[in-house]
Amino acid sequence: MDTQFAQRRRRDLIVAGCFAVIAALVPLFVKDVYVQNIMVLTLMYAALSQSWNILSGYCGQISLGHALYFGLGAYTTALLFTKFGVLPWFGMLAGGAISAVIAMALGYPCFRLRGHYFVIATIVIAEIALVLIQNWDWAGAALGIDIPVRGDSWLKFQFARSKLPYFYFALALACVAWLVTWWLEDSKWGYWWRAVKDNPDAAESLGVVVFNSKMGAAAVSAFLVAVGGSFYAQFVSYIDPESVMGFQFSLLMALPAVLGGIGTLWGPVLGAVILIPLTELTRSFIGGSGRGVDLIVYGTLIVVISLALPRGLVSVFSWRKEAAR
Amino acid sequence: MGLLYGLIAAGLALIFGLMDVVNFAHGEFLMIAMYVTFFLFAFFAIDPLLAAPLVAAALFVFGAVVYLLIVRFAMRAKANAGMVQIFSTFGLAIVMRGLAQFFFTPDYRSVTNSWVGGKTVSIAGIYLPEPQLIGAMLSIAAFVALYFFINRTDFGRALEATREDAGAVALVGIDKNRVFALGWGLGAALVGLAGAIMAIFFYIYPDVGASFALIAYVTVALGGFGSVFGAFAGGIIVGLVEATTALILPPSLKSVGIYAVYLLVVFIRPRGLFGSM
Chain A
38 MDTQFAQRRR RDLIVAGCFA VIAALVPLFV KDVYVQNIMV LTLMYAALSQ SWNILSGYCG
98 QISLGHALYF GLGAYTTALL FTKFGVLPWF GMLAGGAISA VIAMALGYPC FRLRGHYFVI
158 ATIVIAEIAL VLIQNWDWAG AALGIDIPVR GDSWLKFQFA RSKLPYFYFA LALACVAWLV
218 TWWLEDSKWG YWWRAVKDNP DAAESLGVVV FNSKMGAAAV SAFLVAVGGS FYAQFVSYID
278 PESVMGFQFS LLMALPAVLG GIGTLWGPVL GAVILIPLTE LTRSFIGGSG RGVDLIVYGT
338 LIVVISLALP RGLVSVFSWR KEAAR
Chain B
3 MGLLYGLIAA GLALIFGLMD VVNFAHGEFL MIAMYVTFFL FAFFAIDPLL AAPLVAAALF
63 VFGAVVYLLI VRFAMRAKAN AGMVQIFSTF GLAIVMRGLA QFFFTPDYRS VTNSWVGGKT
123 VSIAGIYLPE PQLIGAMLSI AAFVALYFFI NRTDFGRALE ATREDAGAVA LVGIDKNRVF
183 ALGWGLGAAL VGLAGAIMAI FFYIYPDVGA SFALIAYVTV ALGGFGSVFG AFAGGIIVGL
243 VEATTALILP PSLKSVGIYA VYLLVVFIRP RGLFGSM
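Residue numbers (our numbering), protein chains in the order written: chain A, 38 to 362; chain B, 3 to 279.
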């Protein structure tokens, strides 16, 4: 049994490596900026969703307030850069660190809540942060921050002319998030988290310190999401509170994982690869009318998938494998 | 205002208490109710106050249909049950918003020249807007009716019994699905009532539900999930907090007070004020 598990993990790693290489080669053939843009977003959401999945999927603490960390990352980077001239790379780490600390500070009272009380607390905290930033004049208030373009360079992580550098960074981020999850899956943390998710009381009685393991999951998850937020700020070079910290962002982060398969290694990637291009395409082809057809399509998809495949799209693959055995 | 929040929240609390499902499309139910009121007014010149029972009836049917078409299946999910419920109702909310944009366009609409709109009454020197006052009275009436309904009628007892033990209820010969569908209908009807009243003094647009939905969840959680009368009390508290925050802080910060009170309450009492489970 153990060896089978080890085999599966090795195979996962190889498959992921192949995917990464293929993904890295795609821009050589696809020069269309619109398509490249979608690919960057897909990779970014894959990374975000993977990070969200660590806390909500593996550890079972459903957070619908992760936009908070995304916004914190974006704002830390943008503010440090525009106000103090700090390079985005440091801003990224600073944003990640701040988010991780805040996640633990918030986790301290929140992790005692269970079920819907917890979910609503996460939504409410993100909303409070959103309103506060909207009223914070120094940080641009509701208007947001325009990140000045100072020429293309890796040092400043700005590229006005080409999407490619962003693409490779997003790919790297998705790979890192995937690898972190892959590594955690077989670490003692991974086992603790699943135990906490399945039955916190039983886990506690068997010596898992439930509270600490939730805190760990929150910190890792918040750090990665904040790095994603920093990246996004540099990518769009303009941020405002609603667009980086709004509630819909928390939802967008969760959806790929939920549709792909929550608490699974491949779920977020699969979900993002299907969902993000679909969203972008429906938005640009039928959403232009402003009549909400894109919302209808999108919402129907969510209802149908969540009802038909409660374990996510990943379950289609594993079911097939079991049938073949 | 607080009483109206209470009314919206009561519908949510009823559904939750009955079967542990949080309806994340609740705000969109409200939006639909407001549109129905608007169209009854615009095409048939039925005043929102008269329309309220009709709207409630329409929403009753709608709620029951939503249960039978979507929620019934969400509850059968064997894996990730909580997740399926959250996201299937969320998905529904998005579809409803999209449909509203499609059919009603994103324009802001309002009911003008209704019987009580824009009028004020003076009670002992304090001027109160008439629609809000009537809304408050109707809310109280609805709560009283709900109280008797749940505690005094056969159907109310069936609801309570199904909540306690769905399996045993099935043995006694009560159809669980029927009770649940009726529960969803009733919950939606309460929102319908609130929507009809709110259509008098709020703009109506496809996203209107979103702004009230979060307040409704907070209200319910504040009172404690599963307690319909906790929702009533929660509504009053939320209304008072909102009014107080509006006095001391700039208007853009008014929702912060409500959220802060919610956090404070659940950090001290993790099950809300009157929550039992």
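In short, the hints are calculated from the structure, not lab data. We treat Cβ as the ideally placed atom computed from N, Cα and C, and that holds for glycine. Do not rely on the hints blindly, as some may be mistaken.
Claimed, not checked - Restraint-style ranges between C-beta atoms, simulated for each label pair:
1) Ala163(B) / Thr337(A): 44 to 50 Å
2) Phe75(B) / Asp235(A): 21 to 27 Å
3) Ala59(B) / Tyr205(A): 43 to 49 Å
4) Val246(A) / Gly158(B): 55 to 61 Å
5) Leu315(A) / Val63(B): 45 to 51 Å
6) Val63(B) / Asp69(A): 46 to 52 Å
7) Leu315(A) / Asp209(B): 20 to 26 Å
8) Arg271(B) / Gly54(A): 49 to 55 Å
9) Asp235(A) / Leu70(B): 27 to 33 Å
Claimed, not checked - Derived lysine to any residue pairs resembling SDA-like cross-links, with alpha carbons at most 20 Å apart:
10) Lys256(B) / Lys234(A)
11) Lys256(B) / Gly283(A)
12) Lys234(A) / Tyr149(B)
13) Lys234(A) / Phe206(A)
Unchecked claim - So the derived list for chain A, only partly shown, Cβ under 7 Å to chain B, looks like this:
14) Asp49
15) Leu50
16) Ile51
17) Gly336
Hint check:
no. : hint                              : result
1   : Ala163(B) / Thr337(A): 44 to 50 Å : 35 Å, violated
2   : Phe75(B) / Asp235(A): 21 to 27 Å  : 24 Å, holds
3   : Ala59(B) / Tyr205(A): 43 to 49 Å  : 59 Å, violated
4   : Val246(A) / Gly158(B): 55 to 61 Å : 45 Å, violated
5   : Leu315(A) / Val63(B): 45 to 51 Å  : 33 Å, violated
6   : Val63(B) / Asp69(A): 46 to 52 Å   : 49 Å, holds
7   : Leu315(A) / Asp209(B): 20 to 26 Å : 22 Å, holds
8   : Arg271(B) / Gly54(A): 49 to 55 Å  : 50 Å, holds
9   : Asp235(A) / Leu70(B): 27 to 33 Å  : 32 Å, holds
10  : Lys256(B) / Lys234(A)             : 36 Å, violated
11  : Lys256(B) / Gly283(A)             : 17 Å, holds
12  : Lys234(A) / Tyr149(B)             : 37 Å, violated
13  : Lys234(A) / Phe206(A)             : 32 Å, violated
14  : Asp49                             : 21 Å, violated
15  : Leu50                             : 26 Å, violated
16  : Ile51                             : 28 Å, violated
17  : Gly336                            : 3 Å, holds
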